[in-house]
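Engineer: Sequence order for the protein chains is U and F. 90 is the number of the first residue of the first sequence in my numbering; add one for each residue after it. 55 is the number of the first residue of the second sequence in my numbering; add one for each residue after it.
By construction, these hints were calculated from the structure, which means they are not laboratory data. For each residue, glycine too, the CB sits at the ideal point set by N, CA and C. Fair warning: there could be bad hints in the mix.
Have a look at the derived ranges for each label pair, beta carbon to beta carbon [unchecked claim]: (1) F/PHE198 x U/SER120: 56 to 66 Å; (2) U/THR92 x F/ALA183: 40 to 50 Å; (3) F/ARG233 x U/MET90: 58 to 68 Å.
To list a few chain F residues with every Cβ distance to chain U over 12 Å, as calculated [claimed, not checked]: (4) ARG78; (5) THR132; (6) VAL135; (7) VAL164; (8) ASN189; (9) VAL310.
Spelled out from the first residue to the last, the chains are:
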Amino acid sequence: MRTALDAWTILSVSAGVFFFLAGTVGLLRFSDTFTRLHALTKADNLGVGLVVLGLLPRAGSVLAGLKLAVIWFLVLLAGSTVSQLIARSARSRRPRA
Amino acid sequence: MTEAFDILLAALILGLALWTAIARETFAAVLGFMAYGLLLTLVWVRLHGVDVALTEGAIGGGLTGVLLIGAAARSRATESVSLAERPGTLTRALAAGLAAAVASALAVCVLILPVPAPTLAHEVAANLASTGVGNPITGVLLAFRAMDTLLEAIVLLFALVGVWSLAPDRAWGGRPGLRHSADPNGILAYVARVLPPIGVVVAMYIFWVGADHPGGKFQGATILASMWLLVMMAGLADAPPIRRSWVRVGLVAGPVVFIAIGLLGAWTAGAFLAYPDGLAKPLILVIEFALMPSLTLTLGLLMAGAPQRPEAP
Numbered sequence: 090m091r092t093a094l095d096a097w098t099i100l101s102v103s104a105g106v107f108f109f110l111a112g113t114v115g116l117l118r119f120s121d122t123f124t125r126l127h128a129l130t131k132a133d134n135l136g137v138g139l140v141v142l143g144l145l146p147r148a149g150s151v152l153a154g155l156k157l158a159v160i161w162f163l164v165l166l167a168g169s170t171v172s173q174l175i176a177r178s179a180r181s182r183r184p185r186a
Numbered sequence: 055m056t057e058a059f060d061i062l063l064a065a066l067i068l069g070l071a072l073w074t075a076i077a078r079e080t081f082a083a084v085l086g087f088m089a090y091g092l093l094l095t096l097v098w099v100r101l102h103g104v105d106v107a108l109t110e111g112a113i114g115g116g117l118t119g120v121l122l123i124g125a126a127a128r129s130r131a132t133e134s135v136s137l138a139e140r141p142g143t144l145t146r147a148l149a150a151g152l153a154a155a156v157a158s159a160l161a162v163c164v165l166i167l168p169v170p171a172p173t174l175a176h177e178v179a180a181n182l183a184s185t186g187v188g189n190p191i192t193g194v195l196l197a198f199r200a201m202d203t204l205l206e207a208i209v210l211l212f213a214l215v216g217v218w219s220l221a222p223d224r225a226w227g228g229r230p231g232l233r234h235s236a237d238p239n240g241i242l243a244y245v246a247r248v249l250p251p252i253g254v255v256v257a258m259y260i261f262w263v264g265a266d267h268p269g270g271k272f273q274g275a276t277i278l279a280s281m282w283l284l285v286m287m288a289g290l291a292d293a294p295p296i297r298r299s300w301v302r303v304g305l306v307a308g309p310v311v312f313i314a315i316g317l318l319g320a321w322t323a324g325a326f327l328a329y330p331d332g333l334a335k336p337l338i339l340v341i342e343f344a345l346m347p348s349l350t351l352t353l354g355l356l357m358a359g360a361p362q363r364p365e366a367p
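This is chain U alone, in the form it adopts within the complex (with noise of 0.2 Å):
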């Protein structure tokens, strides 16, 4: 069980950090705006999630796995909601093709 677990918990956070690291790339390498933040929010979404989704097993208590879920959700929220204010601004400043 023990093992188990630690296995899950390698595989969700390496899964986590590659989401990050492709995440990151992106926003390094393509083009324009609206790319880069695809490429940020799945670092933001599926990075994240899959590392708290490895921690879970770790958090010792139900109280602080809860902990941990809801900055799941708080990063979830806030990233959608300035990915959104970004990806706006940034439309009404380009002229329409």
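Chain U is fixed; fit chain F onto it per the hints.
Structural biologist: Just chain F now, kept in the frame of chain U:
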């Protein structure tokens, strides 16, 4: 493994500090500064200074960052002019020399500190029980060094008076900042409805656990103030006109209660801000409860800025 992380963190902070200092565009420099504040927060966590980390994250990175973004937005009109002119070689050499001198003086000061560094931590630990508070930081802030905390709260008030003094005559007593008009069905208004209830709970939690765990009124008040600011920015509620008497009373109520309890100490316990035996914990609680709304109001109005428009419906 943890050393590798610490070294990486230190290198990242130094690099970011350098980048922030040499960034030509004000807005980019401000963003660099905010990221720098967040990394500093991590450093404080690594040093087991969670109280300082919370304060750094809330005030150093968050609040100061918002104030600087406002300043950058205001100076954007004149920025291209200031970017075009380059200071002379002598000016730059002098600035570099001065900055290097300050940095090396600081480095020397840190290096000549005796090892182990002089500390009052043992005395605090030995006397903490007399305050009835479990968190040594709160004990220091509100019992052993209560004067510093009182002056901090008053300095914030002075800062707000300074901001207000920039108001044009016709707007004096009016509403701070520009009117925010966001789409009432937009995403910002949505977040400004969803987030504040959560933020208020988190702020009260951080405020309440401050007695025994990292947290306290400053961090809680910053979170409350940012929730208020979010509601104002989404256009759901307008900033209050600063001539309203509840604004004025709310701003000074916390420091006034603090000073009154200090005077009470001078009368009953023999020294200004001394607490009578056995009453330390309840009095500290009263001060915290009185300061929290005042600090929230002060920080929120500080971020809202100087009055710019007359009070209109």
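Engineer: Would you pick out the hints that fail for this structure and give their numbers low to high?
Structural biologist: none
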